[in-house]
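Q: Chain by chain, the residues:
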Amino acid sequence: MLDLGTTLVMAAVLAGTPLLLGALGEILTERSGNLNLGVEGMMFMGAIMGLMGSFMYEQAMTAAGAQTIGFFSALAALVMSFAAGAFGALIYSFLTITLRSNQNVTGLVLTIFGTGFANFLGEFAGQQAGGYLAVGAATKAAFAPLAIPFLSDIPLLGPLFFQYNWMVYFALAVAVVMAVFLFRTRFGLNLRAVGEDPAAADAAGISVSRYRYMATVIGGGICGTGGMYMSMVTTSGVWVHGCVTGYGWLAVALVIFATWSPLRGILVAAVFGGLMVVRMYVSIPGLPIQIYEMLPYVATILVLIITSVRQSKKHAMPAGTGLNYFREDRE
Amino acid sequence: MSLTGSLQIEDDLMSDTLAVHMENITKTFGKVYANKDVSLELRQGEILALLGENGSGKTSLVNMLSGIYFPDSGEIFVQGKKVTIRSPRDAYGLGIGMIHQHFKLVDVFTAAENIVLGQPGALAMSKRHIESRVAELAGRYGFEIDPAKPVYEMSVSEKQTTEIIKILYRGADILILDEPTAVLTPHETDKLFAVMRNMKADGKSIIIITHKLGEVLAVSDRTHVLRKGECVATVNTAETGKAQLTEMMVGRPVSLHIERPHTAKNDERLRVVDLTCCNKDGLKTLDKVSFTAYGGEILGIAGIAGSGQKELCEAIAGLYPAIGGAVLMRGQWEGEAVMEPVLGLGPDVISKKGISMAFVPEDRLGMGLVAAMNITDNVMLRSYKNSKSPLVDRKTPRVLAEHLIEQLAIVAPGPGAIVGRLSGGNVQKVLIGREIAQEPTVLIVAYPVRGLDINSSYKIYDLLNEQKKKGVAVVFIGEDLDVLLELSDRLLVLSSGRVSGIVDPRTVTKEEVGMMMVLDVVDPSNVSSEPPPEQLQMDLSLQDVEMGASAGGGSASADLFLRDAEAGGKAQ
Numbered sequence: 001m002l003d004l005g006t007t008l009v010m011a012a013v014l015a016g017t018p019l020l021l022g023a024l025g026e027i028l029t030e031r032s033g034n035l036n037l038g039v040e041g042m043m044f045m046g047a048i049m050g051l052m053g054s055f056m057y058e059q060a061m062t063a064a065g066a067q068t069i070g071f072f073s074a075l076a077a078l079v080m081s082f083a084a085g086a087f088g089a090l091i092y093s094f095l096t097i098t099l100r101s102n103q104n105v106t107g108l109v110l111t112i113f114g115t116g117f118a119n120f121l122g123e124f125a126g127q128q129a130g131g132y133l134a135v136g137a138a139t140k141a142a143f144a145p146l147a148i149p150f151l152s153d154i155p156l157l158g159p160l161f162f163q164y165n166w167m168v169y170f171a172l173a174v175a176v177v178m179a180v181f182l183f184r185t186r187f188g189l190n191l192r193a194v195g196e197d198p199a200a201a202d203a204a205g206i207s208v209s210r211y212r213y214m215a216t217v218i219g220g221g222i223c224g225t226g227g228m229y230m231s232m233v234t235t236s237g238v239w240v241h242g243c244v245t246g247y248g249w250l251a252v253a254l255v256i257f258a259t260w261s262p263l264r265g266i267l268v269a270a271v272f273g274g275l276m277v278v279r280m281y282v283s284i285p286g287l288p289i290q291i292y293e294m295l296p297y298v299a300t301i302l303v304l305i306i307t308s309v310r311q312s313k314k315h316a317m318p319a320g321t322g323l324n325y326f327r328e329d330r331e
Numbered sequence: 001m002s003l004t005g006s007l008q009i010e011d012d013l014m015s016d017t018l019a020v021h022m023e024n025i026t027k028t029f030g031k032v033y034a035n036k037d038v039s040l041e042l043r044q045g046e047i048l049a050l051l052g053e054n055g056s057g058k059t060s061l062v063n064m065l066s067g068i069y070f071p072d073s074g075e076i077f078v079q080g081k082k083v084t085i086r087s088p089r090d091a092y093g094l095g096i097g098m099i100h101q102h103f104k105l106v107d108v109f110t111a112a113e114n115i116v117l118g119q120p121g122a123l124a125m126s127k128r129h130i131e132s133r134v135a136e137l138a139g140r141y142g143f144e145i146d147p148a149k150p151v152y153e154m155s156v157s158e159k160q161t162t163e164i165i166k167i168l169y170r171g172a173d174i175l176i177l178d179e180p181t182a183v184l185t186p187h188e189t190d191k192l193f194a195v196m197r198n199m200k201a202d203g204k205s206i207i208i209i210t211h212k213l214g215e216v217l218a219v220s221d222r223t224h225v226l227r228k229g230e231c232v233a234t235v236n237t238a239e240t241g242k243a244q245l246t247e248m249m250v251g252r253p254v255s256l257h258i259e260r261p262h263t264a265k266n267d268e269r270l271r272v273v274d275l276t277c278c279n280k281d282g283l284k285t286l287d288k289v290s291f292t293a294y295g296g297e298i299l300g301i302a303g304i305a306g307s308g309q310k311e312l313c314e315a316i317a318g319l320y321p322a323i324g325g326a327v328l329m330r331g332q333w334e335g336e337a338v339m340e341p342v343l344g345l346g347p348d349v350i351s352k353k354g355i356s357m358a359f360v361p362e363d364r365l366g367m368g369l370v371a372a373m374n375i376t377d378n379v380m381l382r383s384y385k386n387s388k389s390p391l392v393d394r395k396t397p398r399v400l401a402e403h404l405i406e407q408l409a410i411v412a413p414g415p416g417a418i419v420g421r422l423s424g425g426n427v428q429k430v431l432i433g434r435e436i437a438q439e440p441t442v443l444i445v446a447y448p449v450r451g452l453d454i455n456s457s458y459k460i461y462d463l464l465n466e467q468k469k470k471g472v473a474v475v476f477i478g479e480d481l482d483v484l485l486e487l488s489d490r491l492l493v494l495s496s497g498r499v500s501g502i503v504d505p506r507t508v509t510k511e512e513v514g515m516m517m518v519l520d521v522v523d524p525s526n527v528s529s530e531p532p533p534e535q536l537q538m539d540l541s542l543q544d545v546e547m548g549a550s551a552g553g554g555s556a557s558a559d560l561f562l563r564d565a566e567a568g569g570k571a572q
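Which chain is which? The protein sequence lines are U and R, in order. Our numbering puts the first residue of the first sequence at 1, with every later residue one more than the last. Our numbering puts the first residue of the second sequence at 1, with every later residue one more than the last.
Where hints are given, some of them may not hold.
[As the list claims (entries may be wrong)] Listed below are the simulated DSBU-like cross-link pairs for lysine-lysine, each with C-alpha atoms no more than 35 Å apart in a straight line: (1) R:K149 / R:K81; (2) R:K228 / R:K510; (3) U:K314 / R:K280; (4) R:K510 / U:K314; (5) R:K82 / U:K314; (6) R:K228 / R:K82.
Keep in mind that the hints were calculated from the coordinates and are not lab data.
Go ahead and model the full structure; you've got the sequences and the hints to work with.
A: Below, the structure is given as structure tokens:
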């Protein structure tokens, strides 16, 4: 028997993982100086393409008369969702870096495009599949909680740390790798310089465009895998219309909450995940459900107020974020 | 055929001995020529000064060497080899490093991080390792630098040192410094020149861009003069002088004499009594500052950077909070002239009292004008409240804008020209012109000629003199001591937020003022409105110390500036 606290933590981690992936993608993007507000769009694209990846793999296996292997199905979902998110980010990068269009407008357009694209494709593929789009048992099993021999069986620690689906560990690994990359490697230093002061980075011999393209596209791919989590884990491999709605925006807010640090992102994603599921575990008599549902958004507003009041150079948004760079611009 | 062939060979031989040879370079921005058919030669191990007025194309020319701009036509040879420089990275590859006027440093990074930025090396990077390497390099050239200090905590001079080390770290042997002294105190300038001479002795070839003649003469071996994007002449610095250089720069002989018309002393216009201000760290930026300004005079205010000049004019204008003292201005009350206290009142309330004060701030495009708006709209900012109609009156400001363009010879396509696209001199003319059009009784100008070329500067001095003749009390905060001494009728000297004296510029020497600028006033109550210079408590024996050249903040011995240069750095 697990007590309420443990279950709440586990539910918070599960609910926070897509937020973490979305926020991590956006942290990498904003560190390069691109403020991509298309997170929601890229997550949607990742969600549908990840699901489609598994679905098509299953179809192909069935057609060939072979057995569906969960590992490959999950891999297909991961690769397809990453590619979809990266593709959205590539469009964004081309518009903002090469054509120097306005970043906010481009990001918003990407969100609208991605949402429409995913919902349309999801409905359409569902009709083709005879009602709704869903993956088979083998794939579902691949996204089920892990049972690691010995570790998962430790009382308390087992459920708290070793009984999640593989995506949770994937997200944590991405966060750690990103933190090491940003703060411990030469390329990370260069990338941060590009985001802080592209003119200074350029004068130091760093290719601003190359770093921005790379970071934005990879960041978009990570956002895409966050969307795939929604369609494969949260909705258990069934396409639900608008399944990502709101998550992408929360991820953008989390970036500020995490002060552009991947490791702090882990913590704040879990907290926000907790706020999203708390209604299912804690009930205060007389408090309407709508109040609970507002919690993450109220918290977002509070966080924005607090971070705006507390002005710190070290934990501020990279100074070049949101601004396009053109070397021959005259000061 | 054979003729061109032999010329080519000769050319190659010549280029061999040159560190850099730029030939017939042309660069345009839209329809404007930044550089037209310009050639430049930099010899091995020399300091070449690139002299020219603002907009003469000095910076764009060297930007093509450092890979920021790409020339439309022309050829560049580095160490005798023809090269194509497409990016700063290419420039570093050729051993060319540039220190830009606006430093290219990442604010939140430390000195060491900025220095190794973009350099190849091991993927993993340890802070301690790069810091020790930077410290080692700095030590070799005798720089004082804390590799772990973040840029946003640095003084301007420390930032410049970081930039220089950054370029040396990249193994550059051709260094370009763009207006390096614009932001330095005289002492820091001397230190920089010493560093430049050291680097020259080390075999580096250096280009220094400047429009200050004294610096050209002090540090360079040869001088290359540009005017309106074209080459004018190259001379050996030792064989030339200020007058000749100015003539080459401006294109005609220029009198460097500033007029000081005689006017009868008028009534009291502005009285400041014991004005005291604190900054947000609780340090006193102004300490019991008292003075009076009269109509028909120019009161100069001198002091090294950060002595409280900015705070003083902003406090008078009602933009900077004061913790003590009073500011009185001449206003009208029931037809009688009275001195009204204005401290702590907003600009609106002050103008309602019948006081007309104009303030031309140091930060022209930040505080003075809106860069993205046109001349008419900027003029309107001052007058739109005068109309009672719900719609703004655009006609009157447009007429005034046209008038200003004509009267002050502002180079602009028309009153619809966006202010941010005008050159510095023209921006300043718009700002001063607008303020003067308000017919102020008191006019406060802060660093009005900073960054302006000689022609524009003299135009500004003329405008101020005109106001003085009209009977306006002009308060002029300046940085060039020579100018202050020639232009002002009285000169107030600030030192660390205190008045160290008000002197008569006709009789005082530059050295005396230089020392007052770094003097701690023992008893501020001793300062009367016009003490003769000999009353000042100075250790005159200090005058024997070698006096530095006038560079920006005036002149005094280098040692004297040490302590205050540090204080100034912190204040910035």
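Q: The structure should be examined with respect to each hint, and the outcome stated for every one.
A: These are the hints, each one checked on the structure:
no. : hint            : verdict
1   : R:K149 / R:K81  : violated (39 Å)
2   : R:K228 / R:K510 : holds (34 Å)
3   : U:K314 / R:K280 : holds (20 Å)
4   : R:K510 / U:K314 : violated (45 Å)
5   : R:K82 / U:K314  : violated (44 Å)
6   : R:K228 / R:K82  : holds (27 Å)
The structure is inconsistent with the numbered hints 1, 4 and 5, although it conforms to all the rest.
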